[in-house]
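Novice: Spelled out from the first residue to the last, the chains are:
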Amino acid sequence: MNFKKTVAIVTAAGALAAISVPAMALENEFHGMYRAFGYMSNAFSGGSGFNLAADSATDKYVEQRARLMYIAKANDSLKLVTHFELDTKFGGSSSTKYPIGDGGGLDADRISLETKNVYLDFKIPSTPVGAKVGIQPFNDAFQGTFGNFDATGAVFTGKFDALTATYGYFTVGNSNTSFDYKATPNGIADSGTNFPSNSGSQDLNVLDVKYAISKNLTVGTSYYMQLDKVGTATVAKNTVGLNAATKVGPVDLAASFGLQFGKSGVTTLTNTGTTAFGGSVVGKIAAGPGKVNVSALYLSGDKDAAGYNHAWQSIGTSVNYFNAANMWLLVRNGAEINTATQIGGSSDITRGGHGLMGVFAGYEGTAGKVFYNANVGYARVAEKQAAYSSSIGTELNATVGYKLYDNMSASFTGAYAILGDGYGKENVMLLNGKNVGKSYDNPFMTNIALNYAF
Amino acid sequence: MKKIIILLTMLLIPFTAISSVASQMRVFVAGMSATGVQNRDEMQLTLQTLLASRLNSDKIIAVGSTGEADIVVSGTYVSIGKIFSLDAIAKTAAGKIVTREFVQGESQDELIPAIGKLAEKLSADLIKLYPAGQLAAVTQPSLATVPAVGAGPVPGSDVIKPKSQVTNSAAAWLSKRLAGAANLMAVGKLLSDGSREIFLAGDRRIAYYRQGSDMKLLSEAELGNGYKIISLDTVDGNNDSVDIYVTIIRAGELSSQVWQIKADKLVRVAADLPYYFRAIKVAGWPKKLYAQAMGRDVDYYGDVAEATRSGSVITLKNPFKLPRYGTIYTFNKFHDRDGKTFTVVINPDGYLVVYDEELKELWRSNDKFGGSELYFQREDDANFRVTGDKYRWIFMNQCIQVTSKGEILIGKNEGFWVLGNARSYKRGAVYCLLWNGSSLDEKWRTQETQNYMPDYFYDEAHNELLILQTVQRPGITTNGASSLTIRKVE
Numbered sequence: 001m002n003f004k005k006t007v008a009i010v011t012a013a014g015a016l017a018a019i020s021v022p023a024m025a026l027e028n029e030f031h032g033m034y035r036a037f038g039y040m041s042n043a044f045s046g047g048s049g050f051n052l053a054a055d056s057a058t059d060k061y062v063e064q065r066a067r068l069m070y071i072a073k074a075n076d077s078l079k080l081v082t083h084f085e086l087d088t089k090f091g092g093s094s095s096t097k098y099p100i101g102d103g104g105g106l107d108a109d110r111i112s113l114e115t116k117n118v119y120l121d122f123k124i125p126s127t128p129v130g131a132k133v134g135i136q137p138f139n140d141a142f143q144g145t146f147g148n149f150d151a152t153g154a155v156f157t158g159k160f161d162a163l164t165a166t167y168g169y170f171t172v173g174n175s176n177t178s179f180d181y182k183a184t185p186n187g188i189a190d191s192g193t194n195f196p197s198n199s200g201s202q203d204l205n206v207l208d209v210k211y212a213i214s215k216n217l218t219v220g221t222s223y224y225m226q227l228d229k230v231g232t233a234t235v236a237k238n239t240v241g242l243n244a245a246t247k248v249g250p251v252d253l254a255a256s257f258g259l260q261f262g263k264s265g266v267t268t269l270t271n272t273g274t275t276a277f278g279g280s281v282v283g284k285i286a287a288g289p290g291k292v293n294v295s296a297l298y299l300s301g302d303k304d305a306a307g308y309n310h311a312w313q314s315i316g317t318s319v320n321y322f323n324a325a326n327m328w329l330l331v332r333n334g335a336e337i338n339t340a341t342q343i344g345g346s347s348d349i350t351r352g353g354h355g356l357m358g359v360f361a362g363y364e365g366t367a368g369k370v371f372y373n374a375n376v377g378y379a380r381v382a383e384k385q386a387a388y389s390s391s392i393g394t395e396l397n398a399t400v401g402y403k404l405y406d407n408m409s410a411s412f413t414g415a416y417a418i419l420g421d422g423y424g425k426e427n428v429m430l431l432n433g434k435n436v437g438k439s440y441d442n443p444f445m446t447n448i449a450l451n452y453a454f
Numbered sequence: 455m456k457k458i459i460i461l462l463t464m465l466l467i468p469f470t471a472i473s474s475v476a477s478q479m480r481v482f483v484a485g486m487s488a489t490g491v492q493n494r495d496e497m498q499l500t501l502q503t504l505l506a507s508r509l510n511s512d513k514i515i516a517v518g519s520t521g522e523a524d525i526v527v528s529g530t531y532v533s534i535g536k537i538f539s540l541d542a543i544a545k546t547a548a549g550k551i552v553t554r555e556f557v558q559g560e561s562q563d564e565l566i567p568a569i570g571k572l573a574e575k576l577s578a579d580l581i582k583l584y585p586a587g588q589l590a591a592v593t594q595p596s597l598a599t600v601p602a603v604g605a606g607p608v609p610g611s612d613v614i615k616p617k618s619q620v621t622n623s624a625a626a627w628l629s630k631r632l633a634g635a636a637n638l639m640a641v642g643k644l645l646s647d648g649s650r651e652i653f654l655a656g657d658r659r660i661a662y663y664r665q666g667s668d669m670k671l672l673s674e675a676e677l678g679n680g681y682k683i684i685s686l687d688t689v690d691g692n693n694d695s696v697d698i699y700v701t702i703i704r705a706g707e708l709s710s711q712v713w714q715i716k717a718d719k720l721v722r723v724a725a726d727l728p729y730y731f732r733a734i735k736v737a738g739w740p741k742k743l744y745a746q747a748m749g750r751d752v753d754y755y756g757d758v759a760e761a762t763r764s765g766s767v768i769t770l771k772n773p774f775k776l777p778r779y780g781t782i783y784t785f786n787k788f789h790d791r792d793g794k795t796f797t798v799v800i801n802p803d804g805y806l807v808v809y810d811e812e813l814k815e816l817w818r819s820n821d822k823f824g825g826s827e828l829y830f831q832r833e834d835d836a837n838f839r840v841t842g843d844k845y846r847w848i849f850m851n852q853c854i855q856v857t858s859k860g861e862i863l864i865g866k867n868e869g870f871w872v873l874g875n876a877r878s879y880k881r882g883a884v885y886c887l888l889w890n891g892s893s894l895d896e897k898w899r900t901q902e903t904q905n906y907m908p909d910y911f912y913d914e915a916h917n918e919l920l921i922l923q924t925v926q927r928p929g930i931t932t933n934g935a936s937s938l939t940i941r942k943v944e
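Chains as they are written, first to last, in our numbering: chain A, 1 to 454; chain B, 455 to 944.
Rather than coming from a laboratory, the hints here were simulated on the basis of the structure.
The beta carbon of each residue, even a glycine, is placed where N, CA and C say it ideally should be.
Hints may be right or wrong, so weigh each one.
[What the hints assert, rightly or not] Facing chain B, a subset of chain A residues (Cβ under 7 Å, in silico): (1) D76; (2) N139; (3) K291; (4) G334; (5) A367.
[Claimed, not checked] If you want the ones that stay clear, here's a sample from chain A, every Cβ over 12 Å from chain B, calculated: (6) G47; (7) R65; (8) A154; (9) T171; (10) N205; (11) A324; (12) A374; (13) V376; (14) T394.
[What the hints assert, rightly or not] Distance condition first, Cα-Cα at most 27 Å in a straight line; then the derived BS3-like pairs of lysine-lysine: (15) B/K880 / B/K814; (16) A/K369 / A/K403; (17) B/K897 / B/K880; (18) A/K369 / B/K822; (19) B/K775 / A/K369; (20) A/K123 / B/K571; (21) A/K247 / B/K775; (22) B/K844 / A/K215; (23) B/K859 / B/K880; (24) B/K571 / B/K742; (25) B/K844 / A/K73; (26) B/K897 / A/K123; (27) B/K859 / A/K247; (28) B/K682 / A/K403; (29) A/K215 / A/K159; (30) B/K716 / A/K215; (31) A/K73 / B/K822.
Take the sequences, apply the hints, and build the full model.
Specialist: This is how it looks when you write it as structure tokens:
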């Protein structure tokens, strides 16, 4: 048989095989969002910091975020989820994320496409278990105070009537990771900001179990184990917790409590150890054309940065949230995008190991296509350490918006914080460790937002 | 030669039969309204079936639609205490009354014999009036006699059957433009004058119409800000009233209401009910009210159960499990010829999935069905960071109806812009499918509407499809508009 004949036979066989393979009905599913904020503030400046100063200047800037999600769905038991993000500051900005600029400058000719999620989501045949493998989102059972993040891992979720059990394993970082994941590890030095160059890694195991006792009551328990490894040595930091969600009359309540213990330290494993706790209660009460939101949060702090660390520790300083607060200045808002920050200068909700106590209340409602909310909150750190006062301050904020379409809205928000003595007092040591000799101005923030999600 | 004679004889037999059919008077029993009884819908259908079969004789043939009929019979059944009266009126297809008859009885035991007597009387009158049989001059479909307001009869075929089986045309009835974009429709009582109660619901508005020669708005009610209607259903209530179950989401939680018509006005009789409601004929028979709860972490919690109401108290009984994707709004059941029960569910991707009695998947469609722009939202803090949306969107879907013959009806919307949570459908149609033992075969489908079809209802008693269309979407300055089309299914 000559070569031509062989090629012809192989080609024909290939074509036949291609015809014989049943067509896979691939579903293409798209989601995404676009959000733009036009800020005017004496605290936000489009960077990662939160400006506190006497006679602080007002800054104005616009930033936007777009997210595109494409899901390739082979069937309802198998899909590939991909999710990308594009952040831009109007006029352009260079940052750690975008060293050569973000495409916001003249001619927009830069690369600013980020990976958000890439994972396979499938149901294990003949079982009630679903699996997700890859870079995927995870949210804790503590209202985001431990971690609400994207990470590489494998998560298995089984539904057994009223019981739902989830086990997940994530590799959070390893020796090749350049991401500064613990630049300020809650006030307790880990003797470095990055993993050592030759060894060291951190893994996270999560186990969440939820049981729906009735339509109005769900209870759950969690166990998260962080494993810090250097060479062949490993230490574990554990977070155990309980949570519940219930509805009593018109009141929806969700509560969680967590206890942390064990050791950590991805560089030296010399951290003395942790005993910390945190808890939150979130209530929503239907009233009039909307609902009343109330919430309270306590995260323990460390008193003296010596001995055991008593500060509640999230898995990373930039991945903790408490969206139920509905604040913009005291606690970063869940809607914030590229440069989300809060009083204290970072997105670390524990303020570098001081811990946090806060009470928050507000009302949100609608009137036709108009939506609105107004909130008030007070926050202080749990342990002031050497500062003059533990008080962070009191915030008042309000938003009014209009739904131009079902999934697109425009809104205006104003927020103002009356600084507590922990930041605002003259001639004393402040919570962020400074003694500036004069009182800081109260911070304010206004923004005009366009929001589109599909 | 003998073979040719036999062949010709065989060929002539069908013509003889056709000739015999042609000499019969074609009568359609359009509907029997029932007053003073429970399970009114069930009773109406029963009376209609009984009368039609008893009218059937060598001189009269009962046909399945007004489009085929020479004479249209309608009637009422009134029960006061133990005494009942059956009254019937026969009209030509042009609407001219040709005879009236009635029969009384003193107990329910006499009902079936009474229907027989009524049929005898009507037959005698009709045969006497029209001894020649068929009324050739009056064969227009009765729907055409209903003056359409705003538009005339729609030309062309109403029902497209698969393959080449396209049926003859029967005119459709079109309503005038109805103010407000309605998402939902429910049908109430059939009144003695032949008109029917129709309820429409928008996001926060409930409207009560009477559909006769036109759609007359009798009453409307608007819910407060923060409320969203996601389902509208009717069931027979006490005291000859119709209960209108309005499933409502308020602040992400169920806060459903029940309304009734009192003196032609919508009156709320119960509120803050923590259930999703739906009134359907499961497996085709009979229409019952069903309820399902909402959970803390899940949008649909637990089993679906039959529901009864006493004041503001809902009692659940006979709960049953549903297969994967089965919720109160996405399921129905049907029987096959052997009496086996199957569950059919429309999954979130729009495919119909059929399950056996053990809830094991048997078949799923290759075509997509359903599609609705109606949704409700619940706070979704766990995914807020990922989706950028504080709320998750839970879309409703087209109702799956099952007829007493086991036919499965499902609406289907299509559009060029269906992307994630942004949905904008352009046209819709209703499909009728039938289980052939291994899969669902398409039996017929309607022509596509020129607009998004938010809801439909198949009135089996009258063999009519009520199709709701959004002729103008609500915008910043308008509440939009709807129209109702009623098509005969032949």
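Novice: Confirm or reject each hint.
Specialist: Each hint, compared with the structure:
no., hint, verdict
1, D76, "6 Å, holds"
2, N139, "4 Å, holds"
3, K291, "4 Å, holds"
4, G334, "5 Å, holds"
5, A367, "5 Å, holds"
6, G47, "21 Å, holds"
7, R65, "8 Å, violated"
8, A154, "18 Å, holds"
9, T171, "20 Å, holds"
10, N205, "19 Å, holds"
11, A324, "7 Å, violated"
12, A374, "16 Å, holds"
13, V376, "19 Å, holds"
14, T394, "24 Å, holds"
15, B/K880 / B/K814, "35 Å, violated"
16, A/K369 / A/K403, "5 Å, holds"
17, B/K897 / B/K880, "24 Å, holds"
18, A/K369 / B/K822, "32 Å, violated"
19, B/K775 / A/K369, "39 Å, violated"
20, A/K123 / B/K571, "63 Å, violated"
21, A/K247 / B/K775, "24 Å, holds"
22, B/K844 / A/K215, "23 Å, holds"
23, B/K859 / B/K880, "31 Å, violated"
24, B/K571 / B/K742, "32 Å, violated"
25, B/K844 / A/K73, "25 Å, holds"
26, B/K897 / A/K123, "34 Å, violated"
27, B/K859 / A/K247, "43 Å, violated"
28, B/K682 / A/K403, "15 Å, holds"
29, A/K215 / A/K159, "16 Å, holds"
30, B/K716 / A/K215, "34 Å, violated"
31, A/K73 / B/K822, "15 Å, holds"
Going down the numbered hints, you'll see the structure goes against 7, 11, 15, 18, 19, 20, 23, 24, 26, 27 and 30, while the others check out.
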